[in-house]
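Novice: Residues per chain are reported as follows:
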Amino acid sequence: MDFEDQLRRALERKDPSADFAARVMARATQPKKPLAWVSWRSWAAAGIAASLCLGALGLEVEHRRKVEQEGRVASAQLMQAMKITSAKLRRIHKRVQGTL
Amino acid sequence: MIGSLVQEVGIPQAVAEADRSRAFEAAVREHQAMVFSVAYHFLQDHAVAEELAQEVFLELYRHWDEIESREHRIHWLRKVASRRCIDQARRRKLRNHVSLEEAPEPFTWMPAADPVLKRFIEQLLGKLAETPRLVVIMRYQEGLEPAEIADVLDMPVATVKSHLQRSLALLRRKLSFATREGES
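Quick mapping for you: the protein sequence lines, in order, are chains G and H.
Counting with the working numbering, you get residues 1 to 100 for the letters of the first sequence.
Counting with the working numbering, you get residues 1001 to 1184 for the letters of the second sequence.
Among the hints, erroneous ones may be present.
[Unchecked claim] Counterexamples of contact, computed for chain G against chain H with all Cβ distances above 10 Å:
#1 Arg8
#2 Val24
#3 Met25
#4 Ala46
#5 Ile48
#6 Ser51
#7 Gly55
#8 Ala56
#9 Val61
#10 Arg95
#11 Gln97
#12 Gly98
[Claimed, not checked] For the chain H half of the interface with chain G, some residues (derived, Cβ under 10 Å), not all of them:
#13 Ile1011
#14 Val1015
#15 Ala1016
#16 Glu1017
#17 Tyr1040
#18 His1046
#19 Gln1054
#20 Phe1120
#21 Leu1124
#22 Ile1137
#23 Lys1161
Keep in mind the hints are simulated off the structure, nothing from the lab.
Virtual Cβ for every residue (Gly too), placed ideally from N, Cα, C.
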């Protein structure tokens, strides 16, 4: 027999179990799960997850705002200190020039 | 079931649902051998093939309204069955898979007695890589032409032809080796 014919015979269609169609029908037409209950739980879970996300986001924003503000204060203090130092240095410089 | 449907959705819709169920059941009975055989020849496991075929039909039930004709349904079933076979094979890949190229030459002679030879060819087929295996199944189980296979499996016709040529050469070599061994 030709090899391709052998292949065709080996690959002939086979039937599944006798109750295959009945099992498919049972699964296809089985009553759906109570949607209200499912959606109540899903909505609750989604709500909790969203609250947690928003909370975490809020904390992060607040933290960044605080760090930025601290940075601005520190920067202003540094500028102030530099101005004072500069004024003092100018005064000392004048005195030194006066004595010479 | 129809009684509860009537209560739930009213008579016209219940009748439509019942018609749909009847038509779907007829489609399952008509195509179950095709879908199951694609899965069985690909996976070589009766239980897993039945489970996969069931999933294919359940997907058909969900998409029932999109199917335009019997030809469309057959094409759709072949396409979905093939896709699910590939997915299933990838999930099972962890199993000690040996490709046909790597498989040792069989050392026992396979007599020409049909059932044994058929089983042997099935086993050889199971050693082919996923895509060429599906191509061979579509060609020799379903009798599709390369262009039709290309359409079902979403690949160029040239690729289908090359898979067919290589797979046939490989299968023929393994088979003739087994037969020669037996005769000598």
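Novice: Against this structure, judge whether each hint is valid.
Specialist: Now for the hints, and whether the structure bears them out:
{"no.": "1", "hint": "Arg8", "in the structure": "violated (5 Å)"}
{"no.": "2", "hint": "Val24", "in the structure": "violated (5 Å)"}
{"no.": "3", "hint": "Met25", "in the structure": "violated (5 Å)"}
{"no.": "4", "hint": "Ala46", "in the structure": "holds (24 Å)"}
{"no.": "5", "hint": "Ile48", "in the structure": "holds (31 Å)"}
{"no.": "6", "hint": "Ser51", "in the structure": "holds (34 Å)"}
{"no.": "7", "hint": "Gly55", "in the structure": "holds (38 Å)"}
{"no.": "8", "hint": "Ala56", "in the structure": "holds (35 Å)"}
{"no.": "9", "hint": "Val61", "in the structure": "holds (43 Å)"}
{"no.": "10", "hint": "Arg95", "in the structure": "holds (86 Å)"}
{"no.": "11", "hint": "Gln97", "in the structure": "holds (87 Å)"}
{"no.": "12", "hint": "Gly98", "in the structure": "holds (90 Å)"}
{"no.": "13", "hint": "Ile1011", "in the structure": "violated (18 Å)"}
{"no.": "14", "hint": "Val1015", "in the structure": "violated (15 Å)"}
{"no.": "15", "hint": "Ala1016", "in the structure": "violated (14 Å)"}
{"no.": "16", "hint": "Glu1017", "in the structure": "holds (9 Å)"}
{"no.": "17", "hint": "Tyr1040", "in the structure": "holds (6 Å)"}
{"no.": "18", "hint": "His1046", "in the structure": "holds (8 Å)"}
{"no.": "19", "hint": "Gln1054", "in the structure": "holds (5 Å)"}
{"no.": "20", "hint": "Phe1120", "in the structure": "holds (8 Å)"}
{"no.": "21", "hint": "Leu1124", "in the structure": "holds (9 Å)"}
{"no.": "22", "hint": "Ile1137", "in the structure": "holds (6 Å)"}
{"no.": "23", "hint": "Lys1161", "in the structure": "violated (15 Å)"}
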